[in-house]
Amino acid sequence: MALIDSPLAVVRSVRPPVAGLRILDIGCGSGGFARQLSDEGAMVTGIDPAVQAIGQAAAAVPLAKFVTGVAESLPFDDLAFDLAVMVNALHHVPEAVMGPALSEAARVLKPDGVLIVMEPTVTGNFFEALRLVEDETIVRQAAQSAIAAAVLSGEFQTVRSFGYVRQEVFDTAKDFLERIIAVDKSRRDVVEHNRAAITDAVVSAARHRSDGRLVFDQPIKVDILRPA
Numbered sequence: 001m002a003l004i005d006s007p008l009a010v011v012r013s014v015r016p017p018v019a020g021l022r023i024l025d026i027g028c029g030s031g032g033f034a035r036q037l038s039d040e041g042a043m044v045t046g047i048d049p050a051v052q053a054i055g056q057a058a059a060a061v062p063l064a065k066f067v068t069g070v071a072e073s074l075p076f077d078d079l080a081f082d083l084a085v086m087v088n089a090l091h092h093v094p095e096a097v098m099g100p101a102l103s104e105a106a107r108v109l110k111p112d113g114v115l116i117v118m119e120p121t122v123t124g125n126f127f128e129a130l131r132l133v134e135d136e137t138i139v140r141q142a143a144q145s146a147i148a149a150a151v152l153s154g155e156f157q158t159v160r161s162f163g164y165v166r167q168e169v170f171d172t173a174k175d176f177l178e179r180i181i182a183v184d185k186s187r188r189d190v191v192e193h194n195r196a197a198i199t200d201a202v203v204s205a206a207r208h209r210s211d212g213r214l215v216f217d218q219p220i221k222v223d224i225l226r227p228a
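Number 21 in the numbering used here belongs to position 21 of the sequence shown; there are no gaps in the numbering.
Hints are not guaranteed to be accurate.
[Claimed, not checked] Quick list of simulated restraints, FRET-style, between CB atoms:
no.: 1; residue 1: PRO111; residue 2: ASP171; range: 45 to 55 Å
no.: 2; residue 1: ARG195; residue 2: ALA19; range: 39 to 49 Å
no.: 3; residue 1: SER6; residue 2: ALA59; range: 15 to 25 Å
no.: 4; residue 1: LYS185; residue 2: LEU3; range: 25 to 35 Å
no.: 5; residue 1: ASP189; residue 2: ALA228; range: 37 to 47 Å
no.: 6; residue 1: THR68; residue 2: ASP200; range: 33 to 43 Å
no.: 7; residue 1: PHE162; residue 2: GLY41; range: 18 to 28 Å
[Said to hold, decoys possible] With a Cα cut of at most 20 Å, we get these calculated SDA-like pairs of lysine to any residue:
no.: 8; residue 1: LYS221; residue 2: GLU136
no.: 9; residue 1: LYS174; residue 2: VAL215
no.: 10; residue 1: LYS174; residue 2: HIS208
no.: 11; residue 1: LYS185; residue 2: ALA196
no.: 12; residue 1: LYS185; residue 2: PRO49
no.: 13; residue 1: LYS65; residue 2: ALA19
no.: 14; residue 1: LYS174; residue 2: GLU134
no.: 15; residue 1: LYS110; residue 2: ALA19
Don't read these hints as lab results, they were simulated from the structure.
For clarity, every value in this text was computed on a predicted model and none was experimentally measured.
A virtual CB, placed ideally from N, CA and C, is assigned to each residue, including glycine.
All chains should be built: construct the whole structure from the sequences, respecting the hints.
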């Protein structure tokens, strides 16, 4: 069995081959994962609430379709997709509508469709370093609670749950900080307010390679769900 160590590897393990699948990328951001799926031959549609990110995605992945919108109110027909994916996205949905967002994903899937939710856990030194700028403990736990509630209610059946570790390597602490700011621009004010102390703490949280680069591990929980 092939090693599962990335979102693309997860999708390949669930529905091989990827080519020809109609895939909805919920919370697609600037299109990085959509590009990988499109390169595999999938027919990709991405949705994200950030207008700027959708513009970047459309420019980066011309074969895919991108629309501005929110997960809890998907502007798509029922039974439209083979797969829906949420990569590090559910915990960015407002907690009050995480459940409706999962329900919407179920609505747009075909009868044999699958929802894949990939969420970072509250463990690992990437998370510890991120907490210096923004503590996502509550929202990450809320996302897991929403998934559990959707299964408990009978809305979804769990096909499989497992984890893998996402590893990221940075030349400097500044590169790490720019990476997390790119996800949420509001973090820049926090960083600039106390950059020296935060930089020192990021360096302390990292594992250090022999070449001086900084290594961060973020465990990811994967839930493969089938609408009941």
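Outcome of the hint check:
Roughly 48 Å separates the CB atoms of PRO111 and ASP171, a value that falls within the hinted 45 to 55 Å. A hinted range of 39 to 49 Å holds for the C-beta pair ARG195 and ALA19, which are about 46 Å apart. At roughly 23 Å, the beta carbons of SER6 and ALA59 sit within the given window of 15 to 25 Å. A beta carbon spacing of about 34 Å between LYS185 and LEU3 agrees with the range 25 to 35 Å that was offered as a hint.
The hinted range of 37 to 47 Å is satisfied by ASP189 and ALA228, whose Cβ atoms lie roughly 44 Å apart. The beta-carbon spacing between THR68 and ASP200, approximately 39 Å, falls within the hinted interval of 33 to 43 Å. Restraint check, PHE162 to GLY41: a C-beta distance of roughly 25 Å satisfies the suggested window 18 to 28 Å. Between LYS221 and GLU136, the direct Cα distance comes to roughly 15 Å. Compliance with the 20 Å bound is thereby established for this hinted pair.
For the hint linking LYS174 to VAL215, the alpha-carbon distance of about 13 Å falls within 20 Å, and the restraint holds. The straight-line distance between the Cα atoms of LYS174 and HIS208 is roughly 15 Å, inside the 20 Å bound, and the hint therefore holds. Of the supplied pair hints, the one linking LYS185 and ALA196 holds, its CA atoms being roughly 19 Å apart against a limit of 20 Å. Proximity of LYS185 to PRO49 is assessed by CA-CA distance (about 14 Å); at most 20 Å being required, the pair is judged to hold.
With a CA separation close to 16 Å, the supplied pair LYS65 and ALA19 stays within the 20 Å bound. At most 20 Å may separate the alpha-carbon atoms for a hinted pair to count; LYS174 and GLU134 meet this at roughly 16 Å. About 17 Å separates the Cα atoms of LYS110 and ALA19, which keeps this hinted pair within 20 Å; it holds.
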